[in-house]
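Q: Just so you know, the protein sequences line up as chains A and B, in that order. So the number in the working numbering is just where the residue sits in the first sequence, counting from 1, plus 514. So the number in the working numbering is just where the residue sits in the second sequence, counting from 1, plus 104.
These are calculated hints, taken from the structure and not from any lab test. Where is the CB? At the ideal position from N, CA and C, for every residue including glycine. Among these hints, one or two may not hold up.
[To be verified] Some, not all, of what chain B presents toward chain A, calculated at C-beta under 8 Å:
| # | residue |
| --- | --- |
| 1 | 194 |
| 2 | 227 |
| 3 | 375 |
| 4 | 376 |
| 5 | 428 |
| 6 | 434 |
[Said to hold, decoys possible] Derived DSBU-like pairs: lysine-lysine, alpha-carbon spacing no greater than 30 Å straight-line:
| # | chain 1 | residue 1 | chain 2 | residue 2 |
| --- | --- | --- | --- | --- |
| 7 | A | 783 | B | 441 |
| 8 | A | 729 | A | 683 |
| 9 | A | 683 | A | 698 |
| 10 | B | 441 | A | 750 |
| 11 | A | 603 | A | 634 |
| 12 | B | 234 | B | 253 |
| 13 | B | 362 | B | 187 |
| 14 | A | 703 | A | 783 |
| 15 | A | 703 | A | 756 |
| 16 | B | 441 | A | 756 |
| 17 | A | 783 | A | 538 |
| 18 | B | 203 | A | 698 |
| 19 | B | 184 | B | 203 |
| 20 | A | 756 | A | 783 |
| 21 | A | 703 | B | 234 |
| 22 | B | 140 | B | 362 |
| 23 | A | 603 | A | 698 |
| 24 | A | 683 | A | 634 |
| 25 | A | 634 | A | 750 |
| 26 | B | 111 | B | 362 |
| 27 | B | 441 | B | 406 |
| 28 | A | 783 | B | 253 |
| 29 | A | 683 | B | 234 |
| 30 | A | 634 | A | 698 |
| 31 | A | 729 | A | 783 |
| 32 | B | 406 | A | 729 |
| 33 | B | 111 | B | 253 |
| 34 | B | 406 | B | 362 |
| 35 | A | 683 | B | 140 |
| 36 | B | 362 | B | 184 |
| 37 | A | 756 | B | 140 |
| 38 | B | 406 | A | 683 |
| 39 | A | 538 | A | 703 |
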Amino acid sequence: MTRKLRAVIIGPGNIGTDLLMKMKRSDWVEPVWMVGIDPASEGLNRAAEMGIKTCATGIDGVLEHVISDDIRVAFDATSAYVHAENSRKLNELGVIMIDLTPAAIGPFCIPSVNLADHAKSNEMNVNMVTCGGQATIPIVAAVSRVQPVEYGEIVAAVSSRSVGPGTRKNIDEFTSTTAAAIEKVGGAKRGKAIIIVNPAEPPLLMRDTVHVLTKNEPDQAAIIASVNAMVAEVQKYVPGYKLVNGPIFDGNRVSIYLEVEGLGDFLPKYAGNLDIMTAAALRTAELFAEQADCGAFTLPARG
Amino acid sequence: MNIEGRKITLHEMSLRDGMHAKRHQISVSQMIEVAKAADEAGMPWIEITHGDGLGGASVNYGFSAATDEEYLSAVIPHLKNSKVSALLLPGIGTIDMLKRAMDCGIAGVRIATHCTEADCAEQHITFAAKTGLDTVGFLMMSHRASPEKLVEQALLMEGYGANCIYCTDSAGHMLPQDVTDRISAIRAALQPETELGFHGHHNLGMGIANSVAAVAAGANRIDGAIAGLGAGAGNAATELLVAVFERMGVETGVDLFKIMDAAEDLVVPMMDRMIRVDRGSLVLGYAGVYSSFLLFAERAEKRYGIPARDLLLELGRRGMVGGQEDMIEDLALTMSKNAGTIVSTK
């Protein structure tokens with residue numbers, strides 16, 4: 515009998531709802547609360563229909579239930595502006611925070627690259643970077659584990675229908691957070707990120723391109739093997755993650771062309787950007803739960 | 105049409121859009137030389153950045169010969185009257201980059217989004233307008249939006265604080281009637297003090313005719329490039345615009361002989377190829393594809409053996425938008441795989 519971590523989701527928008535749908539299938543994480551700020555919001559109503567408790571008074575409304583409901587993990591899908599306060603209040607009560615905003619107070623987490631390290635160091639707040647970062651940084655890391663990478667650049671193209679108002683108002687946070695994580699987690703000396711919003715109908719699947727400049731001549735065979743292994747690793751939590759073309763070698767340039775098809779939980783399958791974010795966040799909490807269950811990870815003490 | 109007596113503001117593109125045609129390799133000294141000639145001729149605005157705007161220097165679009173800051177800080181001190189703008193595409197460039205360009209002395213910024221995605225520019229337009237920069241909302245690939253949709257998007261940008269809106273024919277696909285319909289609809293919807301501009305490409309040979317149609321329908325800012333130096337078949341040539349508007353009695357304030365000398369003596373010799381409606385750029389215009397895709401498609405043809413025309417037509421069918429240059433090599437790879445002609449890279 516495994517011990518599920520009980521969870522609160524903050525923010526009943528596209529991401530929060532998709533996360534809830536995935537969490538309902540999880541063996542390791544159990545959704546208990548959905549928190550919003552508008553009692554009339556569609557997202558809260560949906561969550562209530564799906565049988566979980568809802569709170570429309572923001573994070574403060576749920577704090578008194580944290581201990582009695584044994585909440586151990588929180589997913590913040592609100593905005594960078596309110597995340598710091600949400601995290602502080604919940605961390606104080608011993609709740610681990612998984613940050614899906616671009617706030618990035620805690621270390622970046624790309625499950626296929628560095629999740630195990632975070633579990634070892636008992637992090638209380640990890641940041642899930644961005645959808646584009648989740649789709650591409652594993653590949654940058656797959657090259658940089660073979661040989662030094664001077665420069666890593668990613669282009670994420672997402673369908674207009676899958677990009678909510680939060681992302682649109684904060685495009686700079688997307689590019690700067692992703693670029694920083696290309697360096698810190700991807701291992702590139704310098705990182706750059708580009709996002710393109712495409713309104714084609716029917717909507718296009720999320721596409722992601724990774725361009726890497728290696729310091730020395732690329733070791734083609736080793737890079738191909740490493741990239742293929744990494745794609746398989748990401749596919750464990752995002753089944754629709756696919757290598758479309760590449761690696762292509764052109765001097766010191768290595769280019770890899772990817773596609774992310776979603777599971778079609780809340781938004782249709784074209785919204786792979788939504789899926790890769792929620793799947794990575796859930797995978798992160800699941801690993802913490804697995805590690806806690808076998809004693810490798812210590813949950814904050816609770817009386 | 106009678107547009108006699110109207111006054112318009114020309115905006116010089118050869119040092120920004122022209123960067124596409126030069127694979128972003130215009131040197132700092134060439135920039136200074138051309139900008140000084142434009143200034144001397146009375147050009148009110150000159151745009152200077154990487155072809156894809158601030159932060160465009162990348163593997164995806166090509167690295168430029170110098171950085172945006174190097175170009176801007178080298179050119180601006182030489183100019184007596186011309187003001188300099190930068191282009192910024194949210195998703196590529198950031199407010200931090202804009203701040204650095206402001207430190208170099210730009211007087212204006214044009215914030216560009218695909219014609220249906222104006223709300224991605226909110227933070228950039230809001231910021232720029234507050235600093236007092238001349239702030240333009242630049243709606244790219246405007247042929248892909250109906251006049252009604254374009255009005256909705258123009259109003260968003262105006263609401264964020266843009267003092268001028270551009271209808272941008274990035275693909276050189278529009279015909280004069282398309283321009284008339286869009287410009288007159290936007291003009292009717294905007295506040296009277298908000299300016300309205302048109303940016304043309306010559307891919308269907310309509311660069312000048314479309315610019316004239318835009319002025320007739322109420323636009324007062326028009327983009328041109330000396331000798332047409334711009335992506336695809338180039339922009340509406342500045343010297344042609346000056347001559348045509350002069351004949352129509354429209355005041356541009358630009359000296360025709362000085363600007364035609366700059367075209368012939370400075371810009372034409374800089375060209376890597378004749379800027380004209382060749383096969384590739386005609387396909388761009390015909391199929392409504394982003395003009396800067398041209399050289400990338402030609403390179404992919406060389407490497408993967410898929411004709412540039414086939415690539416451009418398919419990119420148009422797939423609804424690719426500005427900035428998706430990566431999808432050209434991707435498509436060439438997929439098409440050559442399907443044709444069984446892929447050259448193994450292993």
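Q: Each of the hints needs a verdict: does it hold here or not?
A: Verification of the hints:
1. 194: 5 Å, holds
2. 227: 6 Å, holds
3. 375: 26 Å, violated
4. 376: 20 Å, violated
5. 428: Given a least distance of 6 Å, the restraint on residue 428 of chain B holds.
6. 434: 4 Å, holds
7. A:783 <-> B:441: It holds: about 25 Å lies between the C-alpha atoms, which stays within 30 Å.
8. A:729 <-> A:683: 36 Å, violated
9. A:683 <-> A:698: 25 Å, holds
10. B:441 <-> A:750: Answer holds: residue 441 of chain B to residue 750 of chain A is near 27 Å, not above 30 Å.
11. A:603 <-> A:634: The hint holds at about 23 Å.
12. B:234 <-> B:253: OK: residue 234 of chain B and residue 253 of chain B at ~27 Å, within 30 Å.
13. B:362 <-> B:187: 18 Å, holds
14. A:703 <-> A:783: 34 Å, violated
15. A:703 <-> A:756: 26 Å, holds
16. B:441 <-> A:756: Satisfied, since the Cα-Cα distance of roughly 16 Å is no more than 30 Å.
17. A:783 <-> A:538: Measuring from Cα to Cα gives roughly 19 Å; hence the hint holds.
18. B:203 <-> A:698: Distance of about 25 Å is within 30 Å: holds.
19. B:184 <-> B:203: 23 Å, holds
20. A:756 <-> A:783: Status holds; Cα separation ~14 Å.
21. A:703 <-> B:234: 35 Å, violated
22. B:140 <-> B:362: 11 Å, holds
23. A:603 <-> A:698: 27 Å, holds
24. A:683 <-> A:634: At roughly 35 Å apart (the allowed maximum being 30 Å), residue 634 of chain A and residue 683 of chain A break the hint.
25. A:634 <-> A:750: 21 Å, holds
26. B:111 <-> B:362: 20 Å, holds
27. B:441 <-> B:406: 15 Å, holds
28. A:783 <-> B:253: Holds - the C-alpha atoms of residue 253 of chain B and residue 783 of chain A are around 26 Å apart, at most 30 Å.
29. A:683 <-> B:234: 17 Å, holds
30. A:634 <-> A:698: Satisfied, since the Cα-Cα distance of roughly 18 Å is no more than 30 Å.
31. A:729 <-> A:783: 37 Å, violated
32. B:406 <-> A:729: Judged against 30 Å, a Cα distance of about 26 Å means the pair holds.
33. B:111 <-> B:253: 28 Å, holds
34. B:406 <-> B:362: Violated, at roughly 39 Å.
35. A:683 <-> B:140: 38 Å, violated
36. B:362 <-> B:184: 16 Å, holds
37. A:756 <-> B:140: 51 Å, violated
38. B:406 <-> A:683: 40 Å, violated
39. A:538 <-> A:703: 40 Å, violated
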